[in-house]
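Okay, here's what each chain looks like letter by letter:
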Amino acid sequence: MDEIPYDVKPHPVTGVYNAKLGIWLFLASEVMLFGALFSSYVLLRVGADTWPHGYDLLNVQLATLNTAVLIGSSVTVVMAWASLKLNDLSKAKVWLWLTVVLAGVFLVVKAFEYGAKFEHHISPATDNFYATYFTITGLHGLHVIGGIIAFLVLLIRGDKMWQDDSEHFTNRVECCGLYWHFVDLVWIFLFPTLYLL
Amino acid sequence: MSAEHDHHSEAHGHHEQSFVQKYVFSVDHKVIGIQYTISALFFLLFGFCLMMMMRWQLAYPGEALPLIGTWFSEANMPGGVMVPEFYNQLGAMHGTIMVFMGVVPLAVGGFGNYVLPLQIGAPDMAFPKLNMASFWVFLPGGVIMLASFFVEGGAAQSGWTSYAPLANIAPAGQTWWLVGMIFLITSSLLGSINFIVTTVQLRAEGLSYFRLPFFVWAQFVTSFLLLLAFPPLEAAGILQLMDRVAGTSFFLPAGLVITGQPLEVAGGGSPLLWQHLFWFLAHPEVYVLILPAMGIVSEIVANNTRRPLWGYRTLVYSVIFLGFMSFIVWAHHMFMTGMGTAMSTFFQATTMIISIPSVIILTALALSFHGGSIRFNTPMLFALTFIPMFAIGGLTGLPLGLTAADLHLHDTYYVIGHFHYVVAPGTVFALLAGIYYWFPKVTGRKMSEGLGKIHFWLSLIGMNVVFMPMFSIGMAGVSRRLYDQTQYAYGAQVQELTIIGSYGAWLLGVAQIFFIINLIKSIRGGEKVESDNPWQATTLEWATPTPPPHGNFTEVPKVYRDPYEYSVPGAKSDFTPQFSEEG
Amino acid sequence: MIKQTIRVLGALGLGLALVSDVVAGGGIAGTVTFTDGPQKRRTLKLAADPVCASKHTEAVKSEALLVGEGNAMQNVFVYVSKGLEGKTFDVPAEPAVLDQQGCLYAPRVMGVMAGQKIKILNNDGTLHNVHPKPKINKEFNLAMPKFMKVKEVSLDKPEVMIPVKCDVHPWMSGHIGVLTHPYHSVTGSVGTYNLADLPAGSYTLTAWHEVFGSKSQDVTVSDGGSVTADFAFALADLKKK
Amino acid sequence: MQQEVYGYWLPLNVSAHGEVIDQLINVLHVFMLALFVGWGVFFIHCLIRYRSGANPTATYDPIKAKLSKYVEIFVVVFEAFLLVGLSMPVWSQFKADLPAESEAVEIHVMAEQFAWNVHYPGADGVFGRKAPQFVTPENLLGLDPDDTNGKDDFNSINNLHVPVNRPILIRLTSKDVIHSFKVPVLRLTQDAIPGQEIPFWFEATKTGGFDIACAQLCGLGHYRMRGQLNIQTQADFEAWLAEQVEEEDDGGFAF
Amino acid sequence: MAESAEEIRHHIAVYKKVGLALAALTVVTVAASYLHIDSVAMTVTIALFIASIKGALVACYFMHLIDERAIIYWVLIITAVFFLVLMFVPLLSEADSVGI
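Residue numbers (my numbering), protein chains in the order written: chain A, 12 to 208; chain B, 1282 to 1864; chain C, 113 to 353; chain D, 11 to 265; chain E, 386 to 485.
Derived from the structure by calculation, the hints contain no laboratory data.
Accuracy of the hints is not assured; some may be wrong.
To be verified - Simulated pairs of lysine-lysine, DSS-like, Cα-Cα distance not exceeding 25 Å: (1) A:K20 - A:K171; (2) C:K231 - C:K261; (3) A:K102 - E:K402; (4) D:K161 - C:K173; (5) A:K20 - E:K402; (6) C:K173 - C:K152; (7) C:K250 - C:K229; (8) B:K1410 - A:K171; (9) C:K199 - C:K263; (10) C:K258 - C:K167; (11) C:K194 - C:K250; (12) C:K173 - C:K247; (13) E:K402 - A:K104; (14) C:K263 - C:K245; (15) C:K231 - C:K167; (16) C:K152 - D:K161; (17) B:K1839 - B:K1734; (18) C:K258 - C:K229; (19) B:K1853 - A:K20; (20) B:K1839 - B:K1853; (21) D:K216 - D:K105; (22) B:K1410 - A:K20; (23) B:K1727 - B:K1802; (24) B:K1802 - B:K1853; (25) C:K247 - C:K263; (26) E:K401 - A:K102; (27) C:K327 - C:K245.
Here the structure is a predicted model, which means the values were calculated and not measured.
Assemble the whole structure, with the sequences as input and the hints as a guide.
The following block contains the structure:
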């Protein structure tokens, strides 16, 4: 007995393969992590005497652009998975590259946003609005970087993985995709709470 | 994420595994379990030694620590006498080490890793590489914690709870504590994902949820607690780290004056936010400590009473209910922070409710003894002592959960006595029982019964001599975390009890020497076990060869019946294993 | 012991040889006065710690402003604030002593050289914690429980002044001035100070008081000469500070 | 004297609300003891009666345990009684029914590392405004020098004087970290949270001097953050107040 | 999950629609924020309502939650319960505080 069961094929009863359940559990813990940060944000904001409006201080245009970019990347990554399901590796790779590029664009835009703040000597220490802004978007940015690394690994080792076991590779793309959608989802809530309220 | 690719290559190169692959960066759940166990035992010993030093200062405040006092730096122990800063470091690190680096890694990382896949008939954990990563994130976390003793200003000294703002303005050791915690939390998260997936996906054929050994249930619920309760503490850790490093003020209100000088921060933060986020983890954490212990005790009790556990399903429902409720009682740690009547009523009520499943579990365990044929071997002695000790710990929780009584008892030694009864003679006894119980499966040898019994009786006496007087000390009103309680009239009044407690602690230390000797001696020269199932137990881990090889089972296991089929009327022996076809 | 003495003497000799021009210098002396005369002093709440209260037989008054006969102002720190840049001086081997007596700092104001050892004493039989709040030097917070009678520390960077507090006894307040040279003095009960053996040159001299802040004046010192520089503080300085 | 106040169980109670708390604690412990002993007797009986020597074959079928069910139900009901009948009334009296400011003696307590600053309103009975930026070694409370209400205010360090048999309303704050105001003889613990002002009250029933402790770790001097609670007769208290007011200055400079 | 090529093609069509819907909703969110409604509660409700719709679209279609296995739903339900506890109980505690 050496093989781990249901590593690739779904379990007959639960209907999912191991990694899929694993990634969902991971996302559950991520929900609690970002949930705690959101909870802190709400508590601090409700308790504060004054709290600035995000749109007065932050660049809404750039953030809107970034929202669109991230939504786009969610579409591309799900397209990559669908292409693999249709047995089209080369198309899937194009979609994955597109995802990485969009994630890169997101980070570059973010870097410009941060840079503009630092130029005006605004830092997390300025006040609690900026403290939450930098902390939560920073942590979200780290998640984006994590996603980029995961996709690059899939791209670089993709051909070999596909040859070894195409279903396994498709599963991996699906799992990374689920993670990526979650990163997108967090941003969908971050964008209005930080920038628009 | 999964390791299938490597499994192919491993299948070919099975015999050529290097030492490093096999024992250091192993992906085998059993090796990882042993790694966790050994490191956790080491950390437990370390944390225990910190406590023994504190007990000297408590008993004889301001007197030089004999023998070893001069080993420490001039900053910590000038002339062998402990300074208050060092005392606070010992206190904070004792708590942190025991909880996060000792008991949880031993109960979940050690026992969970080794036993759980065996008990459900799995070849390994669902994600072996993730399992390895979990250990190799845990260890650096532990090392960072220990190393923090050597940074300037010493280790964290704001209590294991690290309450803001005290922790925000503490020396650099606190930053190390936070970084270490983030490592430990990450490790726990990786582990808990693995446990849940393994339990859900890899159970052997025929092993339905209600045929799972109770230990697996306990681990399963524990994993959910870790998975969902730890991230908020990770978030809190990140926020405090930002406060300390980036100058934010998440936990700092405006207008703080630290030793006469205004603190230059933006302000607007909330010190209570830290407490909410901390206790959101730390209360479930209590159940993370106690549930695996209950699991171990149940296994051993069923095995040594030679009859099924009383009310298996009730036990399972209770443990699920406990896990659920543990998330909504946390603010009973915060009754004295200025909480109003509505919230305090809610949290009192939930606290009272959570005591009910505990009572049910204890009753079920006690009823299991009725009609049994009880064997008193060392694991059983430790396991059955868990029950009254946990009962004391649980009962003394009641006065603390009622706000009116808490008005007097909050943050006194009564609290210390209460949770140590739950964790030390409770959980730690159960963990020791587990070591004695599963030792033959791991090594193929039994531990010495003689040494084991000396260890047990000395530990039992030591434990109670340390912790029983604390109820009286607390009732007299002595606050916790006092470097020298004789400063207060009522503290001086009960100082004798503290001295007695300290002797109990040192006796407990002496008792552990027998355990260490027993461990070392038995690994090399313990009595060899004749069968793969020396305790004549019913659960799946005893179906494996001893010690279990890579992949665990020689043939695919199949389960035919409930977990604790002992003394079935008409069966040919007094135990009918889950994996046995006939019966 | 003998070895150490020889080493100290040797170091001193070497130091003298290196800065031998200093010996031939002049001195500055003077008096600091408080023109508005003695003021009302607050009573310290020593009852907060029975141990502290038991060290005194009568009510203890604040020592923040001590004005003696002829308006002599005590506890003013007078030092050369400009004119000695680039010169190096030996750090005295003798430690400066900061005592805690009856829950008060003695002396209340003191000067040391950067790197000089400061010996902190505690014979009060209670917990003190010595907590300087420097801006440039490293902050430390040193608990001295009753059994800890002596502790040596040092401050490595020049900084005037570093407030010292005891967190257990909030009224305890002291100040330490850290300089790179030995030309500093604290006025005593007659309000005088004396800076001897200064090399010839032009200097800025500053007098600092914990309540009334700093005042400076320029002085020129010639070889062998001695200069007088007096300072006067008044209630009016409170507003300017 | 000390012998009578403090012992190995609950210390002397000198507060009006403490009696109910003592009652709760004692009832609770009798209940706990009864439960533990009853349960322990059964447990030890089982261990002896069903040891393998005495009972070589175990019974497979679970015993019918009606009694355990009754015990569990009793525990639930009793806990509900403790909660609703004993604990909640005390708490709501303590938290919701603050005494009216007109009848209570109001005192502000400001905790710092490592001392209790007690702020009395002085002769006018009105507290001066406090703000952190005014804190100096001479002005530990941070009284606003421009606020005339604060001119006659005075503070004492670690010494809380209160009259006996009158409701005392304390507003508790902290300058730096979290402290906790604890007086065992008053059956009282209240955290001092920086950035918050928390009101609480008590009524002392006996005169005497008792320890005030800090119950929340607040740093290296935590163990020494001891204050003195002086419960005096109304006359003594007024005499003490007058003495303090006299000592305060008349508005001129003082150092 | 052995979906046929036909089903996958159908999925792809859905993905494209959802992507467009998300883009459109982003525009709506930003536009709504320019209204500067006086009521804070209203502003928050609108912003979070639109965000919730967007989140639901991503979760349901991109993450396939609309037809997922029971085990995943269980995990998410438990998480959602504790998430709500984490969001609201500290806030309620803060509101019920006797301190000022």
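Results for each hint:
With a CA separation close to 19 Å, the supplied pair K20 (chain A) and K171 (chain A) stays within the 25 Å bound. The straight-line distance between the Cα atoms of K231 (chain C) and K261 (chain C) is roughly 10 Å, inside the 25 Å bound, and the hint therefore holds. With a C-alpha separation of about 20 Å, the suggested pairing of K102 (chain A) with K402 (chain E) holds against the 25 Å cut-off. Using a Cα cut-off of 25 Å, the hinted pair K161 (chain D) and K173 (chain C) holds, with the two alpha carbons roughly 20 Å apart.
Taking the CA atoms of K20 (chain A) and K402 (chain E), the gap is about 30 Å. The hint is violated against a cut of 25 Å. A distance of roughly 9 Å separates the Cα atoms of K173 (chain C) and K152 (chain C); the hinted pair therefore holds under the 25 Å criterion. For a cut-off of 25 Å, the pair hint linking K250 (chain C) to K229 (chain C) stands: about 15 Å separates their Cα positions. The suggested pairing of K1410 (chain B) with K171 (chain A) holds, with an alpha-carbon distance near 20 Å, which does not exceed 25 Å.
Straight-line distance between C-alpha atoms of K199 (chain C) and K263 (chain C) comes to about 31 Å, which puts the hinted pair past the 25 Å bound. As the CA atoms of K258 (chain C) and K167 (chain C) are separated by approximately 14 Å, the hinted pair is consistent with the 25 Å bound. Straight-line distance between C-alpha atoms of K194 (chain C) and K250 (chain C) comes to about 24 Å, which keeps the hinted pair within the 25 Å bound. For the suggested pair K173 (chain C) and K247 (chain C), the alpha carbons sit about 29 Å apart, so the restraint of at most 25 Å is broken.
Note on K402 (chain E) and K104 (chain A): the hinted pairing holds, with a Cα-Cα distance of about 22 Å set against a maximum of 25 Å. Distance restraint check for K263 (chain C) and K245 (chain C): the Cα-Cα separation of roughly 18 Å lies within the 25 Å cut-off, and the hinted pair is therefore satisfied. At most 25 Å may separate the alpha-carbon atoms for a hinted pair to count; K231 (chain C) and K167 (chain C) meet this at roughly 22 Å. At roughly 16 Å between alpha-carbon atoms, K152 (chain C) and K161 (chain D) fall within 25 Å of each other, so this suggested pair holds.
Taking the CA atoms of K1839 (chain B) and K1734 (chain B), the gap is about 37 Å. The hint is violated against a cut of 25 Å. With a C-alpha separation of about 22 Å, the suggested pair K258 (chain C) and K229 (chain C) falls inside the 25 Å cut-off, and the hint holds. Of the pairs offered as hints, the one joining K1853 (chain B) and K20 (chain A) is violated, with about 41 Å between alpha carbons and a cut-off of 25 Å exceeded. A threshold of 25 Å between alpha carbons decides the hint, and for K1839 (chain B) with K1853 (chain B) the separation of about 20 Å falls inside it, so the pair holds.
Taking the CA atoms of K216 (chain D) and K105 (chain D), the gap is about 23 Å. The hint holds against a cut of 25 Å. Proximity of K1410 (chain B) to K20 (chain A) is assessed by CA-CA distance (about 19 Å); at most 25 Å being required, the pair is judged to hold. Distance check on the hinted pair: K1727 (chain B) and K1802 (chain B) sit about 10 Å apart at the alpha-carbon level, within 25 Å; holds. Only pairs whose Cα atoms come within 25 Å are accepted, and K1802 (chain B) paired with K1853 (chain B) is rejected, the gap being roughly 36 Å.
For the given pair, K247 (chain C) sits about 22 Å from K263 (chain C) by alpha-carbon distance, which is consistent with the 25 Å threshold. Restraint check: the Cα-Cα separation between K401 (chain E) and K102 (chain A) comes to about 16 Å, which is no more than 25 Å; the hinted pair holds. For the hint pairing K327 (chain C) with K245 (chain C), the CA-to-CA distance comes to about 23 Å; that is within 25 Å, so the pair holds.
Of the hints listed earlier, those the structure fails to meet are numbers 5, 9, 12, 17, 19 and 24, in rising order.
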